[in-house]
Amino acid sequence: MAGPDLLVVSDCVMDVHLRVGSFPIPAGAVEASPDYVISPGGSCYLAAAAAKFGARVEVVDVVGDDALGSQLLSEMERAGVSMRRVRRFGSTGIVAVLEDGRGRSTFIGSWGSGSQLTRSDLERAVDDGPRMIYVSGYSLLGSPRREAVESVPMLAREAGASVAVDPGPVTGSSAQLIGAAEVVLLNEEELQRSLPDLKPYALLVVKMGPRGARAHHGQQRIEVPAIRVDNPVSEVGAGEVFDGVFLAKLLSGSDVGEALRWAAAAAGLKLRGIGLDSIPDPREVEEILGR
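So the sequence shown is numbered by the numbering used here: it starts at 1 and just counts up by one.
Since the hints were made in silico from the structure, they are not lab data. A couple of the hints might just be wrong.
[Unchecked claim] Restraint-style ranges between C-beta atoms, simulated for each label pair:
1. ALA2 with GLU123: 37 to 45 angstroms
2. GLU189 with ALA29: 24 to 32 angstroms
3. GLY160 with MET208: 27 to 35 angstroms
4. ARG221 with ARG157: 26 to 34 angstroms
5. GLY103 with GLU182: 42 to 50 angstroms
6. GLU182 with GLU223: 14 to 22 angstroms
7. GLU123 with GLN71: 41 to 49 angstroms
Glycine is no exception: its CB is placed at the ideal position from the N, C-alpha and C atoms.
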């Protein structure tokens with residue numbers, strides 16, 4: 001059996017989305033959210049988006065042997081993602097996502113058993129023969145997970161796999177991974193902190209929010225606009241959806257420009273909702289791009 005196109009070294013947690021009136025929330029305040037959504041978050045968004053857009057995706061992670069862990073696995077498997085390399089024990093990581101409905105959010109969470117990912121977990125997953133290994137900077141938070149994730153470049157070389165990295169806000173701690181990556185995906189603020197660590201031949205993808213996205217590869221520069229979305233609901237997970245769709249299209253043989261257009265459109269459409277169900281259908285993205 002062929003190995004996965006994409007192995008996601010995951011930071012999967014269960015997100016609990018709650019709406020607040022405004023920020024900052026003063027100490028002692030009591031608020032009641034009008035509704036809530038519980039859904040897999042973190043790199044689960046990326047894995048589900050990549051699978052939805054045609055990639056064979058496998059996740060390596062540790063989740064709890066509890067009801068939340070069972071829900072996370074069930075939703076991801078339903079999304080077409082292989083979770084056979086997910087080890088279970090203890091409690092599942094959880095994040096309270098507080099959003100004000102105007103694009104601002106705050107996250108408060110716990111890794112749970114997710115911080116216990118080991119190099120042995122990664123070695124077993126890499127033995128499946130992935131074409132590409134994706135790592136998020138969030139995976140460097142917590143030990144022994146950090147030490148395990150730092151071994152990804154060496155394991156990838158031994159397996160003949162390429163490495164894709166999105167450092168997120170943990171840019172400084174991601175220098176070793178950024179320096180080993182063939183594909184680096186980040187926003188403009190993260191780019192400024194990461195420039196000294198980039199390989200000169202890396203494919204650099206810069207997410208620019210409402211201004212779209214651009215890619216740099218050698219002397220080539222490609223820029224695409226964002227799509228307009230009226231009344232966006234939540235920005236949480238849009239960056240991961242962008243990454244997942246971009247990598248899926250790249251792995252399917254699309255050129256960088258086409259992958260960039262699909263990713264920007266998919267990330268824009270994701271703004272309309274919350275959770276994995278907000279990942280758009282490829283046919284909808286294709287329709288928008290064909291207009």
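Does the beta carbon distance between GLU182 and GLU223 stay inside 14 to 22 angstroms, or does it fall outside?
Holds: the Cβ-Cβ distance is about 21 angstroms, inside 14 to 22 angstroms.
Outcome of range test on Cβ distance (GLU189, ALA29; 24 to 32 angstroms)
holds (29 angstroms)
Take the C-beta atom of GLY103 and the C-beta atom of GLU182, compute their distance, and say whether it sits inside 42 to 50 angstroms.
violated (32 angstroms)
Do ALA2 and GLU123 keep their Cβ atoms within the hinted range of 37 to 45 angstroms?
For GLU123 against ALA2, whose Cβ atoms are near 19 angstroms apart, the range 37 to 45 angstroms is violated.
Could you see if the CB distance from GLU123 to GLN71 stays within 41 to 49 angstroms?
Violated, at about 28 angstroms.
Does the hinted range 26 to 34 angstroms hold for ARG221 and ARG157 at CB?
holds (29 angstroms)
Using the Cβ atoms, figure out if GLY160 sits within 27 to 35 angstroms of MET208.
Once the Cβ atoms are compared, 33 angstroms apart, the range 27 to 35 angstroms for MET208 and GLY160 holds.
Going down the numbered hints, you'll see the structure goes against 1, 5 and 7, while the others check out.
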